[in-house]
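Chemist: So the protein sequences, as listed, match chains A and B. Using my numbering, the letters of the first sequence correspond one by one to residues 1 to 339. Using my numbering, the letters of the second sequence correspond one by one to residues 1 to 339.
The hints are simulated quantities; they were obtained by calculation from the structure and are not laboratory data. Please note: incorrect hints may appear among the correct ones.
In silico SDA-like links for lysine to any residue, alpha-carbon gap of 20 angstroms or less [as the list claims (entries may be wrong)]:
#1 Lys15(B) to Gly38(B)
#2 Lys278(A) to Glu122(B)
#3 Lys47(A) to Trp129(B)
#4 Lys270(A) to Gly127(B)
2 protein chains.
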Amino acid sequence: MKVLAVLYNGFQAAKAEPRLLGTVENELGLRRYLESLGHEYVVTSSKEGPESDFQKHIVDSDAKNLKLCVTAGVGSDHIDLNAAVDRKVQVLEVSGSNVVSVAEHVLMSILLLVRNFVPAHEMIERGDWQVSDIARNAFDLEGKVVGTLGAGRIGYRVLQRLQPFNCKELLYYDYNPLPMAAQSTVDVRRVADLKEFVAQCDVLTVNTPLHEGTRNLINKDLLHHFKPGAWLVNTARGAICNAEDVAAAVKSGRLNGYAGDVWNVQPAPKDHIWRTMKNPLGGGNGMVPHYSGTTLDAQARYAAGTKAILENYFEGKEQDPVNVIVGIGKYESKAYGQR
Amino acid sequence: MKVLAVLYNGFQAAKAEPRLLGTVENELGLRRYLESLGHEYVVTSSKEGPESDFQKHIVDSDAKNLKLCVTAGVGSDHIDLNAAVDRKVQVLEVSGSNVVSVAEHVLMSILLLVRNFVPAHEMIERGDWQVSDIARNAFDLEGKVVGTLGAGRIGYRVLQRLQPFNCKELLYYDYNPLPMAAQSTVDVRRVADLKEFVAQCDVLTVNTPLHEGTRNLINKDLLHHFKPGAWLVNTARGAICNAEDVAAAVKSGRLNGYAGDVWNVQPAPKDHIWRTMKNPLGGGNGMVPHYSGTTLDAQARYAAGTKAILENYFEGKEQDPVNVIVGIGKYESKAYGQR
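Only chain A is shown next, with the shape it has when bound in the complex (with noise of 0.2 angstroms):
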């Protein structure tokens, strides 16, 4: 068989970092499995146009021998979903290999945006020291509303993490309730209305996949009934927010802060206005290259996760149903929304 996988170029810290197992420097540490059993392995960065490698090597397998994808890592929106069911391409992700990573840069980005960290570091840098101006716009967690847009793998560890915070409600949106067991272990209350749950939330972290229903859904009409002064963090993608609303509600401290790594365009152009924005007290930003999920912890997950379903196909093992997005010819998940 033939395995194409695209990887993102690790460059010079690839080459000096092996733990960086997610680059094309790197192969997902899957080149001798591979090639021990007689399959060709070809890895690329080259995935955009027509003259691409990923083209030229799907052309090259026929398309109709193409039998499976798997997302090294967390998030198939990148694949339509719709010709893998109708062509009987497998879909397949190492489901939980990142929530845990994705999960903590949410707390880390509340935390960060709620206690005006990033103005307070530029202070200490440029060689300056005024406190007030920092304080006045640094607040605790502790007795804040925090909403979850998302309860699913990564929503819900988010929840189970902000727990001892203190806060004075947190709340879940979601099309389906918490599992029971879940229930029983974060004291959170659903609310079945988008605008009244947002209308509450002193912050809001998105944690749902993109897709249809979600795409553009955090826009100007949304953001009118956000709270004033509303923090929100966004580490699911970047298309669920309307980038220019966001910036804009930013610039007038409608919300007083956003912070995330998932952006509409990957990589984000040089002149991104998610770059730049901040509100009228000079901070508010915590936006970060997307990496919530690429931690070196995250990257030993997936790279094993993604042997392991390749080793399953292999050997006409049943894959753990929880990886399973699409199987052959249906869904298997939820999480993309269903035709």
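Once you have looked at the hints, place chain B on chain A.
Modeler: For chain B alone, coordinates are given in the frame of chain A:
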């Protein structure tokens, strides 16, 4: 009576934000209350040197009339406690008024060091995008050993908030064991030997008062026993760490990072080495000015607490025992060491 409040200048920010209660401009919100009782209320930020307002008014009150020193917040190491014992001057603080604020700052600092936030945000600000340069030094908190040096009111709250992060182990070093009630709510192990303690920690957080036994405690000699690549967070007092030794350890990579809001000199001079120190991968600095206990939520609590202490004093009521550092002629707290 004359009430002398030494506060910090808030300048423009304090004029715009009345919730900045701990500033000279906003006077802890106490002027109306004190003057209505016929007291004189002097507010100043001038506290250093023989010409300062502080010296002028302390002399004015003839020192032997000094009855009460109140820290509007927590941390009374700026007061000569032995002299207060000798002269029967009571020393009180608003115990607990900022413990949650500081504990939250610790959690934030741990997460942003371990997850390599600062270089990631700076990459976005300068218009770049190279995930591998960030990911190569980004980790999860899950699975790490985290220890607190000091398990008092702040250290215990740090442990509580770390609980759901699924760390490999939580440790503490303290001259007192945690109270039994606390031991039943956090899963933590006490390490009796300081060198053995630091040798086990991937992350070490300092939550002890500054006194003769902790000054300069974290120096070159002790750092030699740290786990290579550990992260160190200090929101307690800057002088607990040796500034040069910590900076050298970060620069060499012996420490992967250092974060906190306390400095051996405050305000920190423009060229303080902690402003600019970086680890060999260009990160590992999470320093901010001293504000972790000065969020607007904390300012509301310590202004109210200061008023309550003054009320008790004026009305001859007993003080809340947790607030008393030095009673009349004797230490009431062991937090600052005892003679």
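Chemist: Hint by hint, where does the structure go against what was stated? Just the numbers, ascending.
Modeler: 1
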